[in-house]
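Chemist: Residue-level listing of the chains:
Protein chains: 2
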Amino acid sequence: MYILVVDLGGTQIRAARCTPDGQMEERVAIPTLAAQGPEVVLDRIRQAIRMVWPQEGPVTALALSAPGPVDAHRGVVRFTPNIPGWKDVPLRDLMAESFGVPTFLANDANLAALGEFRFGAGQGVRDLIYLTISTGIGGGIIIDGRLYEGGQGLGGEVGHMVVEPNGPLCGCGGYGCLEAVASGTAIAREARAALERGASSLLTGMVSSPGEVTAREVAEAAARGDDLSRRIFARAGTYIGLALVSLMYLFNPALFIIGGSVANAGDLLFDPMRQTMRERSQRVYWENTPVVPAALGDDVVLLGALALALERV
Amino acid sequence: MYILVVDLGGTQIRAARCTPDGQMEERVAIPTLAAQGPEVVLDRIRQAIRMVWPQEGPVTALALSAPGPVDAHRGVVRFTPNIPGWKDVPLRDLMAESFGVPTFLANDANLAALGEFRFGAGQGVRDLIYLTISTGIGGGIIIDGRLYEGGQGLGGEVGHMVVEPNGPLCGCGGYGCLEAVASGTAIAREARAALERGASSLLTGMVSSPGEVTAREVAEAAARGDDLSRRIFARAGTYIGLALVSLMYLFNPALFIIGGSVANAGDLLFDPMRQTMRERSQRVYWENTPVVPAALGDDVVLLGALALALERV
Chain U
1 MYILVVDLGG TQIRAARCTP DGQMEERVAI PTLAAQGPEV VLDRIRQAIR MVWPQEGPVT
61 ALALSAPGPV DAHRGVVRFT PNIPGWKDVP LRDLMAESFG VPTFLANDAN LAALGEFRFG
121 AGQGVRDLIY LTISTGIGGG IIIDGRLYEG GQGLGGEVGH MVVEPNGPLC GCGGYGCLEA
181 VASGTAIARE ARAALERGAS SLLTGMVSSP GEVTAREVAE AAARGDDLSR RIFARAGTYI
241 GLALVSLMYL FNPALFIIGG SVANAGDLLF DPMRQTMRER SQRVYWENTP VVPAALGDDV
301 VLLGALALAL ERV
Chain V
1 MYILVVDLGG TQIRAARCTP DGQMEERVAI PTLAAQGPEV VLDRIRQAIR MVWPQEGPVT
61 ALALSAPGPV DAHRGVVRFT PNIPGWKDVP LRDLMAESFG VPTFLANDAN LAALGEFRFG
121 AGQGVRDLIY LTISTGIGGG IIIDGRLYEG GQGLGGEVGH MVVEPNGPLC GCGGYGCLEA
181 VASGTAIARE ARAALERGAS SLLTGMVSSP GEVTAREVAE AAARGDDLSR RIFARAGTYI
241 GLALVSLMYL FNPALFIIGG SVANAGDLLF DPMRQTMRER SQRVYWENTP VVPAALGDDV
301 VLLGALALAL ERV
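For the protein sequence lines, the chains are U and V, in the order given.
Mapping of the first sequence onto my numbering: residues 1 to 313, in sequence order.
Mapping of the second sequence onto my numbering: residues 1 to 313, in sequence order.
Wrong hints could be hidden among the right ones.
To be verified - Below, a list of computed lysine to any residue pairs in the SDA-like style, where the Cα atoms sit at most 20 angstroms apart:
no.: 1; chain 1: V; residue 1: LYS87; chain 2: U; residue 2: GLU287
no.: 2; chain 1: U; residue 1: LYS87; chain 2: U; residue 2: ASN166
no.: 3; chain 1: V; residue 1: LYS87; chain 2: V; residue 2: GLY37
no.: 4; chain 1: V; residue 1: LYS87; chain 2: U; residue 2: GLN36
no.: 5; chain 1: U; residue 1: LYS87; chain 2: U; residue 2: LEU33
no.: 6; chain 1: U; residue 1: LYS87; chain 2: U; residue 2: SER209
no.: 7; chain 1: V; residue 1: LYS87; chain 2: U; residue 2: GLY171
no.: 8; chain 1: V; residue 1: LYS87; chain 2: U; residue 2: ARG283
no.: 9; chain 1: U; residue 1: LYS87; chain 2: V; residue 2: GLU287
Said to hold, decoys possible - Ranges of calculated distance between the beta carbons of each label pair, as one might list FRET restraints:
no.: 10; chain 1: V; residue 1: ARG312; chain 2: U; residue 2: ALA199; range: 23 to 31 angstroms
no.: 11; chain 1: V; residue 1: ALA199; chain 2: U; residue 2: GLN275; range: 31 to 39 angstroms
no.: 12; chain 1: U; residue 1: GLN36; chain 2: V; residue 2: GLN275; range: 37 to 45 angstroms
Just so you know, the hints here were simulated from the structure itself, not pulled from any lab data.
By construction, the Cβ of each residue, glycine as well, lies at the ideal position given by its N, Cα and C atoms.
Could you build all of it, start to finish, from the sequences and the hints given here?
Modeler: If you want it as structure tokens, here you go:
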């Protein structure tokens with residue numbers, strides 16, 4: 001009895017065959033070939049699934065992760081920033097038809113939340129919120145031990161809470177979303193703008209032009225004591241903290257888990273986050289809502305897909 | 001078979017005897033006597049309950065509404081702004097002991113949400129969010145037909161979402177909460193400050209000093225075309241709209257219901273709210289999330305308490 005899981009990314013498709021107790025028996029990674037168009041990508045997904053299909057024994061479920069927003073009720077990938085031509089693809093039903101097994105689909109950040117809940121930093125906690133701070137900001141909300149996808153299937157988009165009414169344009173078309181002011185992209189943008197204004201910073205010695213700065217260099221410079229970089233991280237951490245305050249008042253979760261590459265900066269980001277929560281919410285909220293780093297590594301999304309299948313089958 | 005419901009307010013305690021199909025057979029209202037201290041208030045609640053207790057027939061549940069935040073899991077009123085000395089009162093268990101029937105307790109705005117869901121503007125909608133815009137801002141979140149109270153019982157506090165990072169101090173100790181920038185109190189504060197700065201407005205002819213302005217006069221002046229008052233309402237409506245945007249991305253509800261005395265201003269408040277939603281969220285969200293006025297009047301909280309009892313018994 002097996003569960004097959006697939007993590008569709010813009011450059012790679014990863015797939016694995018899992019036993020119901022969470023062991024990954026076999027895994028593969030093949031190029032997505034996104035530039036060759038939607039049909040080719042669908043065939044690549046099918047190929048990855050066939051590669052991990054068991055020689056014997058039944059497949060009880062197929063669980064798929066997609067980058068970008070998913071309509072959870074209809075099983076549709078609304079669009080994916082990194083795969084040209086994907087718009088409203090009914091990925092769940094397409095794969096269910098191809099393979100004839102119960103198929104589940106969710107957004108990758110939502111699945112990462114479920115992975116951390118079932119196998120990572122959130123084990124044993126029934127109500128938690130996970131945020132991934134990376135190029136963008138995504139996340140997932142676990143309510144009473146289940147992934148919460150909103151009344152109409154498009155909820156859980158923590159990255160698009162408005163935290164700065166007069167903030168910069170976001171990829172979603174809004175302004176001042178959390179993602180627009182606190183993602184890796186926003187951190188790099190702030191640093192570049194400061195350098196172009198002539199700010200003095202260790203960053204100038206680390207890149208040959210401001211345009212090359214990414215959040216990684218800002219984190220590195222901040223770790224070496226660079227003032228500008230520390231201020232930029234403090235600002236991002238403060239905005240994330242404001243989002244956590246709102247999330248506490250709305251969901252009153254028992255735990256926040258913060259993952260994603262930008263969260264590797266550790267205290268640089270966690271300190272202003274926690275300080276903002278203490279300063280701006282009542283004690284009964286922040287005192288009972290720890291903020292911890294994510295525990296799982298690269299497999300978090302595949303493990304989340306497995307958790308989704310286990311939850312739904 | 002009866003359900004008894006009680007609405008504890010700062011000045012009045014209202015109680016009613018209901019049949020399970022939602023008919024209120026008898027109702028009473030007695031003074032709270034809040035100034036006489038917590039024990040007196042508890043006795044007044046007991047007295048109101050005894051006044052509607054049936055001559056014959058069993059009481060299957062008692063449902064209580066409290067003003068101010070309630071710890072839903074423990075059945076405790078954390079504090080109430082209008083009743084001095086109330087702090088962490090285990091009201092649910094106290095009344096259950098006194099009367100020996102299953103007893104339920106929730107915050108008044110949470111119950112109003114449930115009332116609108118079951119008997120008002122939200123009938124038939126399984127996922128909705130209700131906001132009441134009044135002296136403060138409260139609300140309630142209905143998920144899949146049930147009142148959502150958060151992972152640790154203190155959720156659903158929509159009035160304390162942070163919508164303005166650099167906003168004014170809120171009663172909760174935070175800054176820039178929705179309540180601090182868009183409640184009736186905030187609207188009056190903005191108007192007074194403008195008048196004190198010497199702004200020209202119809203308001204000056206309506207009160208003898210700026211300190212007398214309340215949200216009601218601002219609404220009246222705005223309805224008569226006063227520029228300052230219209231701008232103040234537009235600002236409040238815009239902030240509420242920003243909160244609705246975040247709520248759409250998090251909960252993706254099928255309906256927003258807006259109640260409370262300030263919402264009686266109608267389009268003055270609803271127009272900027274809806275415009276903000278359209279401008280700042282994706283079409284798939286705002287197009288599928290109508291915003292409607294509350295349908296129930298003064299009995300909304302009692303009806304919500306009845307709905308809570310019907311949900312839980």
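Chemist: State for each hint whether it applies.
Modeler: Right, here's what the structure says about each hint:
Of the pairs offered as hints, the one joining V:LYS87 and U:GLU287 holds, with about 18 angstroms between alpha carbons and a cut-off of 20 angstroms not exceeded. At most 20 angstroms may separate the alpha-carbon atoms for a hinted pair to count; U:LYS87 and U:ASN166 exceed this at roughly 30 angstroms. Between the alpha carbons of V:LYS87 and V:GLY37 the distance comes to roughly 12 angstroms, so the proposed pair stays at or under 20 angstroms and holds. For the proposed pair V:LYS87 and U:GLN36, the alpha carbon gap of about 65 angstroms is over 20 angstroms, so the pair is violated.
Distance check on the hinted pair: U:LYS87 and U:LEU33 sit about 17 angstroms apart at the alpha-carbon level, within 20 angstroms; holds. With a CA separation close to 36 angstroms, the supplied pair U:LYS87 and U:SER209 exceeds the 20 angstroms bound. For the hint pairing V:LYS87 with U:GLY171, the CA-to-CA distance comes to about 45 angstroms; that exceeds 20 angstroms, so the pair is violated. As the CA atoms of V:LYS87 and U:ARG283 are separated by approximately 15 angstroms, the hinted pair is consistent with the 20 angstroms bound.
A threshold of 20 angstroms between alpha carbons decides the hint, and for U:LYS87 with V:GLU287 the separation of about 18 angstroms falls inside it, so the pair holds. Under the hint 23 to 31 angstroms, the C-beta atoms of V:ARG312 and U:ALA199, about 59 angstroms apart, miss the expected range. Against the hinted window of 31 to 39 angstroms, the Cβ-Cβ separation of V:ALA199 and U:GLN275 comes to about 37 angstroms, which satisfies the hint. Remark: the range hint 37 to 45 angstroms for U:GLN36 to V:GLN275 is upheld by a beta-carbon distance near 42 angstroms.
Consistency with the previously given hints fails for numbers 2, 4, 6, 7 and 10, ordered from lowest to highest.
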